[in-house]
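> Residue numbers (my numbering), protein chains in the order written: chain A, 1093 to 1463; chain B, 601 to 952.
Hints may contain errors.
BS3-like mimics (lysine-lysine), calculated; alpha carbons at most 27 Å apart, straight line [to be verified]:
| # | chain 1 | residue 1 | chain 2 | residue 2 |
| --- | --- | --- | --- | --- |
| 1 | A | K1142 | A | K1300 |
| 2 | A | K1111 | B | K760 |
| 3 | A | K1309 | A | K1142 |
| 4 | A | K1309 | B | K832 |
| 5 | A | K1115 | A | K1309 |
| 6 | A | K1278 | A | K1142 |
| 7 | B | K619 | A | K1142 |
| 8 | A | K1270 | A | K1309 |
| 9 | A | K1268 | A | K1278 |
No wet-lab data here; the hints were simulated from the structure.
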Amino acid sequence: MAKKFFFYTEEMTVGYDGKPLIKDVRIELDRGEILTLIGPNGAGKSTILKSITRQLRLIGGCVWLDGQQMQQMAGREIARRQAVVLTERIRPELMSCEDVVATGRYPYTGNLGILSAEDHAKVRAALETVHAADLAERDFNAISDGQRQRILLARAICQEPELIVLDEPTSFLDVKHKLEFLEILKRMVLERNVAVIMSLHELDLAQKISDQLLCVKGDRIERHGTPEEIFTSEYICDLYDIEAGSYNAAFGCVELPPAEGKAEVFVIAGNGSGIPVYRRLQREGIPFITGVLQENDIDHPAACDLAAEVFRERAFEPIGDEAFALALSRLRRCREVICPLRTFGTMNRRNGELLREAERLGLLTDEISEG
Amino acid sequence: MTQTSRILQVAEEDGRGRKALRYGVSFIVLSALLLILFVWNVNSGSVDLTVREIAEILLWRRGDETAVNIIWQIRLPRILAAMILGGALSVSGFLLQTFFHNPIAGPFVLGISSGAKLVVALSMIFLLGRGITASSAVMVLSAFFGSMISMGFVLAVSRKVRQMSMLVICGVMISYICSAVTDFVVTFADDSNIVNLHNWSLGSFSGTTWSNVAVMTVIVFSAVLLTFLLSKPIGAYQLGEDYARNLGVNVRVFRVCLILLSSVLSACVTAFAGPVSFVGIAVPHLVKNIWRTSKPILVVPACFLGGAVFCLFCDLIARTVFAPTELSISSVTAIFGAPVVILIMIRRRKTA
């Protein structure tokens, strides 16, 4: 018998109104792990999450939580084990942040829902965990999106769950609040050994925070694996059907598609000096070629995504004759050369030769005087 | 514990103390208001009495025979009806607002009162035509039946439209249709009792008997008590259905409870006093703003108290301002209630 996971699904089929949308969803998760669903809009990430949280009825299969089948668990039992943070914006009337957080104590209070001193202490602790103790008395509708998500997370925390399910928790947040939110979540996972299942739109963040990823695409789970397995540039482009532009998995950043046409501009670059130039040319719609770059140069990935042609040398090697000759002959046929590069060392000495040749031919545009 | 969290803790306990004070004071003030209005109501009318005389009449039934009769047989049942039914209306409104997540939902604007009115009018005419006077039970049952029909329509519409204003407009339309049909049948029914029916269909607490009071007390108090016991799920439901479900609320059962309770309450009001407008929206809103909370465990009793005060006040005006001519209770509640609705809409606009 295989190892039993804390949370797992068996041939789970999800969908709306009895119509199956995604079949045979397999999720296996232990406490202290984060599983993230990624995939294009409308691919069914929310459908899966809603099925796990029992907002949607399962079409087939079953979900197991800590050795129990969730369909057979009482609402209160589930409420003590599983908390949610949903995408739908809520606008409760006249509720302070503390009131909102306190609803998390629901499964633990008596018939009238009156909070004990212990409950109050837990609400306060949850607010402190998300650095929101000062918001306690504020009206929930009067705080910012970032604060609101933190309060909703505090609500989930004070429910003392073993599993938290979050549906696109960072969607409305700016970058500072995205990072802050995920940092708190990660700390929760490490300190309290909580399992997390969530969906994220931000691939760069998903790559960094997740222990496992589930790639949802339309009617199927396309892939399931660790960030290292999932995040290859080709696969992400394929998953999201990226046709215009590209995604760079190593940096987790996107580039717009390169400019079209015959390239007549040569950029002599390296050591990061090229990236701003490449992007400016791309914005202005000017196609270009660039080189000579070692394959481990930080300009290299962006050059591959944006340049019409890249002259390259193997990693850690000085620029060789072959690459140099190719670059030189091509440079001579250009009508403009840009050289943001200022330092020439052992490895890229021959780029200096390219620069002198450009000067001799009067092709050089001074990048600095322009900027 | 660190210094800051200690300070925060003290501040928080302090905040809780202040809140508790606010809740207490609000309840006391409103109760005092209720008492004052009660005495004032007993005292207002064609026979003038001193407070001392009133006390004697109420406590020992001592004093002038006519005065005792007027107070015990006419004024007192009417006052109690205004209080109980006013409370019922505002609790019913609160339940509907919770159900629809819509601050301007209420039994009157959603057409539930009018549906009740229609069915009550039909059954009264049917029974009167056979020489039978409709009993309280029949009235309440027909009103409940009518409420449920209107509620059915509103629920069907609410599945299609999400906007709160559209839902209310649909409710108002349902209300107009029901009122038109009621007017129609009342106009063409030929019976001397129809005069009563006409008065009733405009809304009034007059003519309440002690047996009416007994029936409404039983129905309203049990429904309000049940509502109070539902405080906890109502509180969870205020964050939306999905959060409520996650917290372990059986949402389907809960929603049915909300519908049934609010319908029973508003049906009871309609059966005894006819349709009464805007109390169901205005009072819960005012109460929430006085208490500055929406915690159902406080809001439910506060709504009941507030509704009693509001209706007692409005009935006093209906009875006395143009005495001996009486205004319909709905006209008075509309004058005080409708501006609150407008206020809610404006406020919503601002914060949305």
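> Straight-line Cα separation of K1115/A and K1309/A no greater than 27 Å?
Holds, at roughly 11 Å.
> Between K1278/A and K1142/A, is the straight-line Cα distance small enough, at 27 Å or below?
holds (22 Å)
> Decide if the proposed pair is consistent with the structure: K1309/A and K1142/A, CA atoms, cutoff 27 Å inclusive.
Between K1309/A and K1142/A the Cα gap is close to 16 Å, so the pair holds against 27 Å.
> Taken at face value, is the distance from the CA of K760/B to the CA of K1111/A at most 27 Å?
It holds: about 21 Å lies between the C-alpha atoms, which stays within 27 Å.
> Check whether the Cα positions of K1270/A and K1309/A lie no farther apart than 27 Å.
Measuring from Cα to Cα gives roughly 24 Å; hence the hint holds.
> Does K619/B pair with K1142/A here, judged by a C-alpha cut-off of 27 Å?
violated (37 Å)
> Sort out whether K1300/A lies within 27 Å of K1142/A, counting only the CA atoms.
holds (24 Å)
> Keeping to a limit of 27 Å between CA atoms, is the pair of K1268/A and K1278/A held or broken?
Holds, at roughly 15 Å.
> Run the distance test for K1309/A versus K832/B: straight-line Cα separation, threshold 27 Å.
violated (40 Å)
The structure is inconsistent with the numbered hints 4, 7, although it conforms to all the rest.
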